[in-house]
Amino acid sequence: MNISEVTKWKDFAHPDGETRDLSFLDAHEVTYTHTAPGKPDKVYRFLVTYSCHCFCKDYEYQSDEDKAALMYHAVKESRPFCERRYQLARQHLRGIIETLGQRKVIHAGYGSYATVEVQLANGETEHYFVAFKAFREKKKLRLHISSAYPVEITSRGKSVSFFVIAHNLLTGKPLPQPPK
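Okay, so the sequence shown: first residue is 632 according to our numbering, each after it adds one.
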């Protein structure tokens, strides 16, 4: 795969002595099928990549020593590893991405879209802001997950159908924009 993002993440050797496996964030293909009554199914295949922002975060309260011990070095940047983001991503992120066609997707600003809720094992809902960009790269449909993190309050962005995003990408139409 010759694309502009990381396609295979290296594991993180955590200072606690345990290795954190990041292979669940390796690039992968997801197929979405849009079914509408009276119309043939439309199939969209996206190549999905992830940013280190899905499992890294630089917190102000961290000392320089803590930051250095937790530093994860990616190709484009280095950031301190964040256990909370890692655990959320490991448990939920891939499933969220694989079900974007059935999820509420909103405009997230700066040309991004997001989905914001996840069901926890205990049945409760947690607000998990998953921001992504949709684009074409070398004739392929692409999703790049630019960040994923827990939030206290849900974003109030305008809803947009993931299948409208996919259709517009495939047909060369402009991507949906938030209302002004």
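In case anyone wonders, no lab produced these hints; they're calculated from the structure. Check the hints yourself; a few may be wrong.
Cross-link-like lysine-lysine pairs, in silico, DSSO-like; alpha carbons within 27 Å at most [unchecked claim]:
#1 K641 to K769
#2 K789 to K764
#3 K770 to K670
#4 K811 to K770
#5 K673 to K771
#6 K641 to K771
#7 K707 to K771
#8 K698 to K735
#9 K735 to K804
#10 K707 to K770
#11 K735 to K764
#12 K811 to K789
#13 K771 to K639
#14 K804 to K769
#15 K673 to K770
#16 K735 to K641
#17 K688 to K707
#18 K764 to K688
#19 K688 to K698
#20 K673 to K764
#21 K698 to K641
Since we're looking at a predicted model, the values are computed, not measured.
Numbers of unmet hints, in rising order: Numbers 4, 8, 16, in rising order.
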